[in-house]
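Residue numbers (the working numbering), protein chains in the order written: chain V, 1 to 117; chain X, 1 to 113.
Rather than coming from a laboratory, the hints here were simulated on the basis of the structure.
Using N, Cα and C, we set each Cβ at its ideal position, and we do this for glycine too.
Errors might be hidden in some of the hints.
[Said to hold, decoys possible] Chain X stretches covered by chain V per the calculated footprint, using a threshold of three residues with CB under 8 Å from any CB of chain V:
#1 12 to 19
#2 64 to 72
[Stated by the list, open to error] Facing chain V, a subset of chain X residues (Cβ under 10 Å, in silico):
#3 Arg9
#4 Glu22
#5 Phe33
#6 Tyr35
#7 Gln37
#8 Pro39
#9 Ile60
#10 Cys91
#11 Arg94
#12 Asp95
#13 Leu113
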Amino acid sequence: AQSVAQPEDQVNVAEGNPLTVKCTYSVSGNPYLFWYVQYPNRGLQFLLKYITGDNLVKGSYGFEAEFNKSQTSFHLKKPSALVSDSALYFCAVRDDSNSGGYQKVTFGTGTKLQVIP
Amino acid sequence: DVKVTQSSRYLVKRTGEKVFLECVQDMDHENMFWYRQDPGLGLRLIYFSYDVKMKEKGDIPEGYSVSREKKERFSLILESASTNQTSMYLCASRDTRNTGELFFGEGSRLTVL
């Protein structure tokens, strides 16, 4: 069974400081990893994904994430936080070992990012 | 711009009522999904459809059914709404021809009294 853990319910960071939102995963095959952002009373928006290749993935709004296979982690990062980055962030994983049929996506429970002016 | 549209953003229903949640996508995606989102539980998959008239149960299908008569439309049905179905419902679609990030609608917040 695959799973995703986001160990922090909330992360607080001062505006202008670097931010990290943590994610670890467990899959039996190779992982496809995703980050999504959700603003209040809105749907989820795709930020970035790791499929294969370079371990550092760049995405929308200046976010990036680093895939670490040995630590089974995919932490979301940004060098300088903005107040407008305050939102709910979800990590998700898909196992590529199921080549036929539906490839299930499992979401973490979400991390609320609060950027303090 | 790609778009997934959920017809109702906010609904208030009474226990026992039949509820329809509609979702339309304009991207010609094969796969469509219904999730519910609850605080502390993340997103949980209710049902998905990998093509027209095809449907599969997700993790929490009890109390729900779905319909996919046309490729662009995926409906979630609560046959007899209960208070424990008060939640945010999110529809999503995915193109199987690429690495498959999900495209979400804005969500439908359902309150069952």
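To see whether the hints hold, each was checked on the structure:
1. 12 to 19: Check failed, 0 qualifying residues.
2. 64 to 72: violated (count 0)
3. Arg9: 8 Å, holds
4. Glu22: Since chain V brings no Cβ nearer than about 15 Å to X/Glu22, farther than 10 Å, the hint is violated.
5. Phe33: 8 Å, holds
6. Tyr35: 8 Å, holds
7. Gln37: 8 Å, holds
8. Pro39: 9 Å, holds
9. Ile60: Violated, because the Cβ-Cβ distance from X/Ile60 to chain V comes to roughly 13 Å (cut-off 10 Å).
10. Cys91: Where the cut-off is 10 Å and the nearest Cβ of chain V is about 8 Å from X/Cys91, the hint holds.
11. Arg94: Holds: closest Cβ of chain V sits about 8 Å from X/Arg94, inside 10 Å.
12. Asp95: Violated - the Cβ of X/Asp95 stays beyond 10 Å from chain V, reaching only about 12 Å at its closest.
13. Leu113: 20 Å, violated
Hints 1, 2, 4, 9, 12 and 13 from the earlier list are contradicted by this structure; the remaining hints agree with it.
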